[in-house]
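So the protein sequences, as listed, match chains A and B.
Each residue of the first sequence is one higher than the one before, counting from 1 in my numbering.
Each residue of the second sequence is one higher than the one before, counting from 1 in my numbering.
None of these hints come from the bench; they were simulated from the model.
You may find that some hints are simply not true.
Unchecked claim - In silico DSS-like pairs for lysine-lysine, Cα to Cα no more than 25 Å straight-line: (1) 111(B) with 152(A); (2) 111(B) with 189(A); (3) 195(A) with 111(B).
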Amino acid sequence: MGNAITVSNLSKTYRISHSGSRPTRATEAIVDRLRHPLRRDPFEVFDALSDINFEVPWGEAVGIVGRNGAGKSTLLKILTRITAPTTGRIELGGRIGSLLEVGTGFHPELTGRENIYLNGALLGMSRNEIRRSFDEIVEFSGVERFLDTPVKRYSSGMYVRLAFSVAAHLESEILAIDEVLAVGDAQFKRKSLAKMRDVATDGRTVLYVSHQMATVTTLCTSAMFLSGGRLVYFGTVDGALQRYRDSYEEFAQAQSVAERRPGTGELRATAVRVSENTFTSTEDKIIEIDVGTNPAMVGEYFIACQIHDVNGVLITKCDSRLVEAWFDPSTEQQIRLTVTGLWLRPGRYGVAVYVCKQGILDAWEGAATFEVLPELPYPETMNDEAVAGALVLSDFSYEGSDA
Amino acid sequence: MSNTVITPPGRISMPRWRELWEAREVFYRFGQRDVVLRYRQTAVGVAWVLIQPLVSAGIFSMIFGNVAQLPSDGVPYFLFAYVGMLAWNLFSGVVSRASSSLVSNQALVAKVFFPRMLVPLSTSLSVLVDFVVAFGLYVVLVLVYGAAPGWQIALVIPMTVLILTLGLGIGLAASAIMVKYRDVAYVLPWLLQIGLYATPVAYSLSAVPPDLEWLFMLNPLTWVLESFRYSLLGTSAPPTWQVVASIAASILVFLGGVLVFQKNERTFADLI
Chain A
1 MGNAITVSNL SKTYRISHSG SRPTRATEAI VDRLRHPLRR DPFEVFDALS DINFEVPWGE
61 AVGIVGRNGA GKSTLLKILT RITAPTTGRI ELGGRIGSLL EVGTGFHPEL TGRENIYLNG
121 ALLGMSRNEI RRSFDEIVEF SGVERFLDTP VKRYSSGMYV RLAFSVAAHL ESEILAIDEV
181 LAVGDAQFKR KSLAKMRDVA TDGRTVLYVS HQMATVTTLC TSAMFLSGGR LVYFGTVDGA
241 LQRYRDSYEE FAQAQSVAER RPGTGELRAT AVRVSENTFT STEDKIIEID VGTNPAMVGE
301 YFIACQIHDV NGVLITKCDS RLVEAWFDPS TEQQIRLTVT GLWLRPGRYG VAVYVCKQGI
361 LDAWEGAATF EVLPELPYPE TMNDEAVAGA LVLSDFSYEG SDA
Chain B
1 MSNTVITPPG RISMPRWREL WEAREVFYRF GQRDVVLRYR QTAVGVAWVL IQPLVSAGIF
61 SMIFGNVAQL PSDGVPYFLF AYVGMLAWNL FSGVVSRASS SLVSNQALVA KVFFPRMLVP
121 LSTSLSVLVD FVVAFGLYVV LVLVYGAAPG WQIALVIPMT VLILTLGLGI GLAASAIMVK
181 YRDVAYVLPW LLQIGLYATP VAYSLSAVPP DLEWLFMLNP LTWVLESFRY SLLGTSAPPT
241 WQVVASIAAS ILVFLGGVLV FQKNERTFAD LI
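Model the full assembly from the supplied sequences, consistent with the hints where possible.
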């Protein structure tokens, strides 16, 4: 039957213009051309993907992992034909359906029923297919009672559930998913994950892009690791996750150059330090963040700091808005964040810092790392098995009494 | 099981017709969405579709018929102008709605794959519904004035197709260009405004001085409008060359629009 997906020599380059900005008006473009009839706009070529080759057999669930900007989403966009490759050739052994962004095809004024048909059609289902799975979609989403209500009146949970349900009932032979399983409440998440697993066991092929290593491990049978637009590794899930962990240093290095980081750049963090390189599990973790100035900026900003474990799983978020801490951009700030009451497992952790106002001014992932020493904060020493699989530790006690 | 091959975009390509056909549900659903939204959201939904050409026809018949005393080929001036507006609204409606359709569906174009051409093409459905409603009023007017045309009323169907094809050709090209250059959105309504006066919509070609007639004859819309009036009002039949030329022009413009659209289609998601 051949392969589900064959990709050869695939690359995608974007041109980044350096002549200020590309004209967005036809009149500007014409005037420009008349002024400088021979000039070619200087531009830089940016390789989003270069020379990618791989084959995916049928029935495989492939996880695509990599740091931000590694080209994961671009690859998925090309495979789903949203954007065109610059070179190379892709052969798909069947229809490809995508769950790239849940609910993009929804129109707020239309009712749930109308939106199911519209969205289904957009995702490539025929009318009969939609009709056949209509009841199942409605049941899966749990919005039966509101089918004839415009979706603008839905709660955001209902909206997302309905959108996901339509997409999950796609009967395409290949399914591309970009980070959408993280929607809805825990129960719905479990339901969707099970649904996705069914798809793969049906002999269809699933491509799954995610930052959540935990779902990649549970869902995927193999995985690829992308870095800087290149396919570095394609094999077992464990192998890809190992590469992902190993890539941290390199990624942190690249992110330390402020201009390369995402965010508007109106204001940037200049340094992030952890008070100690190593902590014990229960110690207060102190993170110091230096932020530069921007006298032109009006209003105060806030900081959102995240701690990730070695697999990139988000452990905790410290948003300064929650504790009413706002900072003044007119002077340089040395911000000190103290995290108390968090018992981390032994291991390596990464710190990501976001400087935000309305929108993100500076997103610095991999800003700092620290190590939690391998001594457990409990009176008894045990082997690791006692805490294996746990994400965090906690302060607990047992009491028994005769019943 | 269908096999799909994805390669970098070539220079010139025709659309994959089979793919368009397979995705016809998108065409239909988009059209339905536009119609539903149009008639559900506006309080006077249907009435609006009628008021607009009625008022225009009223003003035209007052200015051109009463003030300027222009001839109207033996038809009551109001009816004459109304039929002109009927054809013109069909044309300008499809041009303006098709041209803005890609930009107003930005989120979809950037995030989901489906044959993009269906977006501008599907706007013809809602324009057609408006046309049918307005045509209903035409029937009433004809009965009121007792000016029923003969058998040639049957030509209204091919004429509608002809006008839609012409309008879609321009709309397709304009929608593709608008992805890159947003000011097309400002230029186009202005051009349509000029077109309304440069084409014998509100006045008859017989009111044009003979030494200027050649200028009007260069405009394909003139040919189409003359045939349209012949069909709906029983005015004098247009010469054969005009009929042939208007069919040829529609097909050429449509194909041209398709080519322009195709050439740009695969960069939409990166630019929009």
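- Message: Check whether the Cα positions of residue 195(A) and residue 111(B) lie no farther apart than 25 Å.
- Response: 23 Å, holds
- Message: For a C-alpha distance cap of 25 Å, please report whether residue 111(B) and residue 189(A) respect it.
- Response: 22 Å, holds
- Query: Does the alpha-carbon distance linking residue 111(B) and residue 152(A) stay inside the 25 Å limit?
  - Reply: Holds. Residue 111(B) to residue 152(A) sits at ~21 Å (cutoff 25 Å).
In summary, the structure agrees with every hint in the numbered list given earlier.
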